[in-house]
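Protein chains in written order, with full-length UniProt numbering: chain A, 1 to 461; chain B, 1 to 461; chain C, 1 to 461; chain D, 1 to 461.
Rather than coming from a laboratory, the hints here were simulated on the basis of the structure.
Since the model is a prediction, treat every value here as computed from it, not as a measurement.
Incorrect hints may have been included.
One copy or two, either will do: identical chains are not told apart, so a pair holds if it fits within one copy or between any two.
Stated by the list, open to error - Think about it this way: if two alpha-carbon atoms lie no more than 27 angstroms apart in a straight line, the pair counts; the simulated BS3-like pairs of lysine-lysine are: (1) Lys73 - Lys440; (2) Lys56 - Lys440; (3) Lys136 - Lys51; (4) Lys440 - Lys51; (5) Lys190 - Lys5; (6) Lys419 - Lys60; (7) Lys307 - Lys419; (8) Lys440 - Lys42; (9) Lys311 - Lys5.
The lines below spell out each chain.
There are 4 protein chains.
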Amino acid sequence: MATPKPDTTTLPFSKYPAWTLSKLRPLALQKIQAVHDWVETKCIPAQGIMKAQLAKDRWKMPPLMRQLRAEAKARGLFNLFLPKEFKESPGLTNLEYACCAEIMGRVYWAAQTMNCHAPETGNIELLAKYCNDEQKEKWLYPLLRGEFASAYSMTEPDVASSDATNISISIQRQGDSYVMNGRKLFANAKWNPDVKLYILMGCTDPHNPDPRRRHSMLLIPSDTPGFRMRQNLSIMGYDCAPEGHGEYIYEDVRVPVSNVILGEGRAFEIAQGRLGPGRIHHCMRLIGQGELAYEYALVRATDGRKKPRGKLIGEFDSNIERIAQMRLELDALRLVVFNAADTMDALGNKSGRYGIAQSKILVPVTVARIIDECMQLYGGQGLTQHTPLPEMWTYARFVRVADGPDAAHRHQVGRDQLKTAGDVVARHLRYYEIAQELKKQFGLEEELADDCTWEYIKPKL
Amino acid sequence: MATPKPDTTTLPFSKYPAWTLSKLRPLALQKIQAVHDWVETKCIPAQGIMKAQLAKDRWKMPPLMRQLRAEAKARGLFNLFLPKEFKESPGLTNLEYACCAEIMGRVYWAAQTMNCHAPETGNIELLAKYCNDEQKEKWLYPLLRGEFASAYSMTEPDVASSDATNISISIQRQGDSYVMNGRKLFANAKWNPDVKLYILMGCTDPHNPDPRRRHSMLLIPSDTPGFRMRQNLSIMGYDCAPEGHGEYIYEDVRVPVSNVILGEGRAFEIAQGRLGPGRIHHCMRLIGQGELAYEYALVRATDGRKKPRGKLIGEFDSNIERIAQMRLELDALRLVVFNAADTMDALGNKSGRYGIAQSKILVPVTVARIIDECMQLYGGQGLTQHTPLPEMWTYARFVRVADGPDAAHRHQVGRDQLKTAGDVVARHLRYYEIAQELKKQFGLEEELADDCTWEYIKPKL
Amino acid sequence: MATPKPDTTTLPFSKYPAWTLSKLRPLALQKIQAVHDWVETKCIPAQGIMKAQLAKDRWKMPPLMRQLRAEAKARGLFNLFLPKEFKESPGLTNLEYACCAEIMGRVYWAAQTMNCHAPETGNIELLAKYCNDEQKEKWLYPLLRGEFASAYSMTEPDVASSDATNISISIQRQGDSYVMNGRKLFANAKWNPDVKLYILMGCTDPHNPDPRRRHSMLLIPSDTPGFRMRQNLSIMGYDCAPEGHGEYIYEDVRVPVSNVILGEGRAFEIAQGRLGPGRIHHCMRLIGQGELAYEYALVRATDGRKKPRGKLIGEFDSNIERIAQMRLELDALRLVVFNAADTMDALGNKSGRYGIAQSKILVPVTVARIIDECMQLYGGQGLTQHTPLPEMWTYARFVRVADGPDAAHRHQVGRDQLKTAGDVVARHLRYYEIAQELKKQFGLEEELADDCTWEYIKPKL
Amino acid sequence: MATPKPDTTTLPFSKYPAWTLSKLRPLALQKIQAVHDWVETKCIPAQGIMKAQLAKDRWKMPPLMRQLRAEAKARGLFNLFLPKEFKESPGLTNLEYACCAEIMGRVYWAAQTMNCHAPETGNIELLAKYCNDEQKEKWLYPLLRGEFASAYSMTEPDVASSDATNISISIQRQGDSYVMNGRKLFANAKWNPDVKLYILMGCTDPHNPDPRRRHSMLLIPSDTPGFRMRQNLSIMGYDCAPEGHGEYIYEDVRVPVSNVILGEGRAFEIAQGRLGPGRIHHCMRLIGQGELAYEYALVRATDGRKKPRGKLIGEFDSNIERIAQMRLELDALRLVVFNAADTMDALGNKSGRYGIAQSKILVPVTVARIIDECMQLYGGQGLTQHTPLPEMWTYARFVRVADGPDAAHRHQVGRDQLKTAGDVVARHLRYYEIAQELKKQFGLEEELADDCTWEYIKPKL
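Isolated chain A (complex conformation) (with noise of 0.2 angstroms):
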């Protein structure tokens, strides 16, 4: 019997653009409405639970996310982020599950009982593109089975690492192995036990003339001797338990030569490729985070117990302005990501690029103000635990400086922008052109002489 086709007068496809709805084939209306029945009744809903049983063990899967997970992939909603050119997809498009990773967005954790989240996505992708046979055996299935977790290390305390031809851990081939001494930032904790797998970005060839081909990436068990985590890294404060962010030491780490990706020398190809569609995904799920906060303002405006100077918060003008503009800005913000991965669909992850750096610069800020605004109604109680505003703010502020700070990628942008100004410049020409005809035509070639017209038009002599 099939399933009956979702009503799409609902949430959550009521929220999208028709342009988006309309692209959206049956099978994918089929898991966002899944996914959607998921986040609401199982993921929302047991946000207080997660906390108390993390509480009580800080740095380890607690068991009702090993629950969620397994009950998750027998309804099939495991790995539906990884693209259709994967023989290993699900089969959506990068739109359809934009779709989707919005609303797992909504719980910060909601991800990962689908098996949908960062660092997993990146690695799982990167795997499943470089990866020989062999290691795709040992790393990439049992990664996209949820049987152990993976991260990815690449920022470098110790130098501009958001610049990557800085990177500097160093990796010394000796006989079979690969020997790797350095320090490094971020990768998800080893304290965990379940994070088995670490892809590391280093030097292999600090002197070659081309600071692109100087670096390589390995496949790092999490057991290997020397390899040592010695702190967890906060994020404003939050430890981000049972993940964390780790703060590591390589000590003469040893791993076989056959431990390599791609080979020796390629891992700016291997980082090119893998962080296109995990932007997008991140900046759908902050719009999710965005739309709950927004929707937490909307409960505290209508509340009938909070009313300063006998009106309800939502009757003042100026938080109805507010509103307003935090529901524009959403859904302009939505119009921006769907519309980067609607391109990787049509044009490939390459033509992508522009819009995946422009969902980059524009969500993380904007999201991270609208949820501070939505923290701002709620008064002193909103920076509280009363309300889980405060670690959704944080989880924005942190995406505008995780893969590179704003400002790295509008520098990129910039500069590519910069490359068109020579067009731009000829076209104006052609308009001085036809208007020096156009002078001549009309007899006022005095009246408007070169130099006391629009400069802007006139050819640089």
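For this one, chain A is given, so just place chains B, C and D on it according to the hints.
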């Protein structure tokens, strides 16, 4: 011989989102290409000529405009804006026309060469939708043929007319006539002899208990006795000639009762239908302005003559970031307006209301800011007639107040949103109920007692 | 032997406006210098130790704090905040103390070493101003000697207590006792055994027709039976131990009637007097935080290890501009708070009300933004415990809601301002009258007729 | 008979900070009061007349201006700006004059009635400081007497002249003459016959190895042959008549070598001294404009005729907040500029440099935004000649680019600040050293090891 399909990898198409491009029919692609060619070759280079002709005779259509209109009409570029549902329409969807409107917006008078300028567009739509055959014969068809110009007269100086229920100009029925007395602002200048018709909104029934049945719309020939233009209103100092913005006095102005549109007391019904697509046009034209301003920024950034401290303006990282930010925001705005247009196409104007408000609130304020930054890159020159940026900024600034200031629209959106709060609260109560069950199931009732967990999910008792 | 006059061309004095510097008396110069030396040598370098001690025993004053307090007291650095008008005061003006407060703010716990921390400062002032001798003996003098700690209990979870007329905790007189029932938020944690006293604002006369006569303030010893701390409230995830922010239940809590301050129904009178200087202290401490954050920005900007794209962070023009903007805004904020302090000195606390509101509204939001930008310059690390910036930001963010959210204060200022509109209108009417005479005199009555010139100067008829 | 001391509890004094008020000497109080009375009764109400006279003869000083100047001179209100150090000065401090300048700023031409307008102020100061006696006799004294007008000619169209080392107009010595060739922008219009003198900065020694010794300043009589005004530059569409902003061509313009100021190659020395106080005047006048705009906002907010949705504009909470925010920011800006002026008084112009930059960067952009918001409160009317707000905004916008755009000043401040980083780093290293000792003392060396605590305090190795 069939016209070849335009190359969609070049301008103007290369700027469109993939989803938009895929919706443009061959007919539309050709029209858009034709509009693009027209504006690039006939309008942008002719700006100086138009200015010079206007300088000589300020309140008349310049000869070049008359000539371009004739030519554009001959090329089939007239009235492209008129929506498909009208039998007089050339057949573009709202989305397809939005593409045209952006291009037209590059030069503020380009739309007029194609009979696609405000207030003509709104007026024509209104007349096409609500007039009887006799009225259409007299006013609509000549307007579509571009034989004269029309004006829309709604704003008043003595009341807050952004809330149209306040409109107070008196219209009294006396026998077979309506007699008007009062003042109006902003309708196009009567000093321009081309303007033959004013569509007036006034008050016929001030004591009707339903404030939305008190007003009527009338057709007022511009030469009606008693109807005087007191002065032209400048906008930020610009007289906006030859269209202008008049300040009017109605003193015992008399028209036959047959000049009422749709019927007495039906002005709100008409006004409702009028504004939607027009706001989209304004917004797309503004994006066109923003794009041109952005091009000037690129031109300046790479102008080899301008090297403060020895670097090109575009070599300063601060400006690289500014240029990126402008680019990203302009593209986000285009997504917003395209989506509003597409929603109207897919679901009708009423469903498009939110998207239209979103465009109206986000586009003008952002484009004005972007143009302002472009001016700033030009230093002192940026504010002078050496660039068209001051006029472009002024247009964007004006649209922030046209059809009511931002805040009025934001309030409307906010009030609509607050009506959804009930559903949100109900949903959150369901989360709470499920959470209660889970607490029982996990034996965490004490630990997660209501009075020490998230207040937000608790029912309001 | 006289202490030498401090060198006012070095820190901390070199930052002060000339007008401020000229108002600092020799006594104050020495105190400020002493506070500066204290914080530079005893507090800033000791932050790690304090953290480590607190990590071991979370809800007790760390031994180092106890030691530093004893030493600061011996050096004459205790209670500097207490205004000159109190006989217990060390004699600094508000302006002079503001200088001290900025320095103390560099480390959030430094004020406590000098018994100048919130809520102690407000509580001490309140007790000094409104208590009778017996109450002073029991509570004020030990507090001044630093023998125990106190808390202020006003905010409630179930009402909008930023509008204090809503405060609802019930205080009923029964014989010689008051009996309290209700809930409170945010007063310092009872878990810290040093906290001996709670100053409670509650409702004694809910039906009094004057809503500002319904409330009373009581002295509540922390070990009073029935007074329970339900949990600690975190602020953006930080527990703020060992002070904390408690969530309290009052269940038939009973104190003798002699514990009322000033008399029943006089809480508003007391509250009025309490908040002024305390807000200034908060704001100056925040400026101190902002200054330190700014120093971290400079440190990062010149860190030779961090060179994205081959340039120091401080060699990017965009960052040069950011650093300048932070510097300019911090200095402007200091002018605002210094002026508020000086106004209180010159004209009394009541006249200072506007300046205090100005500080409260402008400082926290701006300093929070500045710290946020400093974090961003540190990339991912900026959000971790590798810098103290996250805690600093959190403090600034918290002050945005402490004592009522920004918007509440802005509303108050706005309402006060609108009361001045009558005078402004009257002044503008005089302009209009003179203008009428001038028009006559110059024969320009027609040309400058009322209905075509500036509406704004016309009388409203 | 002595003039009575003004009442400092009323306008204009009631707006001043207490510290400022206490520094105003009796002489200054009287001058400020006189300026206030003058502007209130003679300037504000005469704006319509001035406009009408100018409309008739656009490029000549209106008769009313000539009459007001004569009257103001007779009242002793001429040249108040000239700093105390000049023997020709009326004796006000920079702070005292700043008070006058704010008042003058309420009407943009009011300063001119008192011979206190730009560029006269800067020019007079320059001539007084650097000219020899003969030059003074010929140009300075008549200017002080208000007998003619002068212009300052620095900006050029073909280079980035905000970096003055780029100034390229050629000045060649030929015998006893200098011969000039090149183009200039922005100096006051020659079309106004009152303008008799241009102070020109040009390049006498393009190959001098010191780029700050290449330029000279010359006195150019406006009727010098070969010196032509090509057109007037509008500012955001305003012609700014009768002063205007000319675009000039110098073609073999020849003046005697005695027209050089101070000596060849000394233009930078002169320019340095010129700009300080003038920027303060601009900023204070802008604050005056902001204050007047704010008053219009209050007038509109309480206008009984304007009631959207049945409420006064000032009854909307959103507008109450907007009005408060404007008020708070204007007052903060005044503190900034007053402090800059007072710093110059106390420590000299050089020490005032930072405060001047602070004013120049913060004031224009903020005042422009405030005026923009006031316009917005007026809806469509706000942009028309129904209020003076558009011209006021334009003035504020112009000052953002006058004397170089914001960004240029921000860069300068930022670069100066980065020079202080070394001291900051040194201070932080001392913190680190003390911290190391404390760790030893408390036995926390392991726990607080360098590689897991705050990076920021660590020496860079």
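Taking the hints in turn, this is what the structure says about them:
When the C-alpha separation of Lys73 and Lys440 is checked against a cutoff of 27 angstroms, the pair qualifies only between copies, where the shortest distance is 25 angstroms, while the shortest distance within a copy is 75 angstroms. Taking the shortest Cα distances, Lys56 and Lys440 sit within 27 angstroms of each other only across copies (18 angstroms), while inside one copy they are farther apart (85 angstroms). In the homo-oligomer, the alpha carbons of Lys136 and Lys51 never lie at most 27 angstroms apart, since the shortest distance is 34 angstroms inside one protomer and 45 angstroms across protomers. In this homomeric assembly, Lys440 and Lys51 come within 27 angstroms of each other (Cα to Cα) only across copies, at 15 angstroms, whereas the closest approach inside a single copy is 78 angstroms.
For the homomeric pair Lys190 and Lys5, neither the shortest alpha-carbon distance inside one copy (44 angstroms) nor that between copies (57 angstroms) is at most 27 angstroms. Taking identical chains as interchangeable, the C-alpha atoms of Lys419 and Lys60 are never at most 27 angstroms apart, the minima being 49 angstroms within one chain and 43 angstroms between chains. Proximity of Lys307 and Lys419 under a CA criterion of 27 angstroms is satisfied inter-copy only: 18 angstroms between copies versus 55 angstroms inside one chain copy. For the identical chains of this complex, Lys440 and Lys42 are inter-copy neighbours only, at 15 angstroms across copies versus 75 angstroms inside a copy, given an alpha-carbon limit of 27 angstroms.
For the identical chains of this complex, Lys311 and Lys5 are neighbours neither inside a copy (44 angstroms) nor across copies (48 angstroms), given an alpha-carbon limit of 27 angstroms.
In summary, the structure is inconsistent with hints 3, 5, 6, 9 from the numbered list given earlier, while agreeing with the others.
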